[in-house]
Structures are given as C-alpha cells and as structure tokens.
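**Student:** Sequences and hints are given; from them, build the entire structure.
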Amino acid sequence: MAKKMPPEYYQCLEEIQALDFVLVELNLYLDTHPNDFDAIQQFNETAQMSMQLKVEFEKKFHPLMNFGRSYSNYPWNIDDSPWPWQV
Amino acid sequence: MFSQYKYWKPFVGPFDPCKPIRVKSYNTPPQLYMNFQPPGLQQFTPHEALMSGTLWPQLYSPYPDPHKGGKPHG
Numbered sequence: 001m002a003k004k005m006p007p008e009y010y011q012c013l014e015e016i017q018a019l020d021f022v023l024v025e026l027n028l029y030l031d032t033h034p035n036d037f038d039a040i041q042q043f044n045e046t047a048q049m050s051m052q053l054k055v056e057f058e059k060k061f062h063p064l065m066n067f068g069r070s071y072s073n074y075p076w077n078i079d080d081s082p083w084p085w086q087v
Numbered sequence: 001m002f003s004q005y006k007y008w009k010p011f012v013g014p015f016d017p018c019k020p021i022r023v024k025s026y027n028t029p030p031q032l033y034m035n036f037q038p039p040g041l042q043q044f045t046p047h048e049a050l051m052s053g054t055l056w057p058q059l060y061s062p063y064p065d066p067h068k069g070g071k072p073h074g
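Protein sequence lines correspond, in order, to chains A and B.
First residue of the first sequence? That's 1 in full-length UniProt numbering, and the numbers climb one at a time after it.
First residue of the second sequence? That's 1 in full-length UniProt numbering, and the numbers climb one at a time after it.
In case anyone wonders, no lab produced these hints; they're calculated from the structure.
Only true hints are included.
Away from chain B, derived, C-beta distances all over 10 Å, residues of chain A:
#  : residue
1  : 3
2  : 6
3  : 9
4  : 51
5  : 59
6  : 64
7  : 65
8  : 66
9  : 70
10 : 72
11 : 76
12 : 79
13 : 85
Taking CB as the label site, the calculated pair distances span:
#  : chain 1 : residue 1 : chain 2 : residue 2 : range
14 : B       : 39        : A       : 51        : 24 to 32 Å
15 : B       : 26        : A       : 45        : 37 to 45 Å
16 : A       : 38        : B       : 20        : 50 to 58 Å
17 : A       : 74        : B       : 35        : 52 to 60 Å
18 : A       : 38        : B       : 35        : 15 to 23 Å
19 : B       : 30        : A       : 64        : 33 to 41 Å
20 : A       : 11        : B       : 68        : 29 to 37 Å
21 : B       : 6         : A       : 41        : 33 to 41 Å
22 : B       : 30        : A       : 48        : 26 to 34 Å
23 : B       : 25        : A       : 55        : 45 to 53 Å
Source: prediction; values computed, not measured.
Every residue, glycine too, gets a C-beta built ideally from N, C-alpha and C.
**Tutor:** Structure below.
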C-alpha cells in the first residue's frame, strides 16, 4: 500500500500556503507603499507565523526545503516522497 | 459601486453563417476604478485571501463571469 499522509498534513500545508500568499500580497503592496507602518508590522508578524508553522510542520512530518533551508532527519530524508507535485 | 462585467449586444445580420452571439461582455476589474491603493484597506482572512486571489475585498475580481455560468470560487 502506498504511503498515505494524514489529514492534518494537508491542513498544515494549506495554512502555510495561505500565510505565504498573504506574504506575497503584502510584499507586492509594500513595494509601492514603503511607508505603510501597519502593513510592515503585519508583514513581519505573518512572516514570523509562517516560519513557526514551517518549523512545526518539519518536526511533525518531513523537511520542506532542500539545500540547507531545512534540517534533515537520520537517515537522509530530504529526497523522500511525497515531492511537492505529488502531495 | 461599479460592475465587474460590462455587456453589449453586437449587431446580428440575417446572413450570418454561424449561430450569432447575442450578448458579449468584457471584464472591468476594480483596479480600473482605484487610482492609487490607499493604505489600511479592509482585508480578507488568509484562507479567504488564498481562495479569492487577493488580500483586499475591494480588489477582488471574479473570473470567469459569474453571470455567464462561471462559478465564483472561494
């Protein structure tokens, strides 16, 4: 039987995806509004939340990024499935 | 409040070989009506923003046209 991922795996991923989308939007907004203090504050808070979610996800499931952007378990599992397009 | 889609009726001649398209539409997204985005606009929640494609409800433009069978997502 192929490896199946638990439902909270997908919930965590979707949360991370939602926060990262908010970060993209805020980043593009701040490119044209450099002095908007509230937006910068929200950007930094969201960035911190996104990092925390990624750290928790990597503890629970598997590393998200390669080339040193994520820690690996033993044995090496950076190249384990599911790959991003297989999720 | 502006409308997201504008409709017009093209001329339909009696000798058209194909089935005429009676009503045609074009998209007028919100950014056409917004000069420079003001700070502090109302925002969606992260999940809603992901589903509707923008962080600000004022800039949300549904595609395809909900009135022509396009189901609005999110």
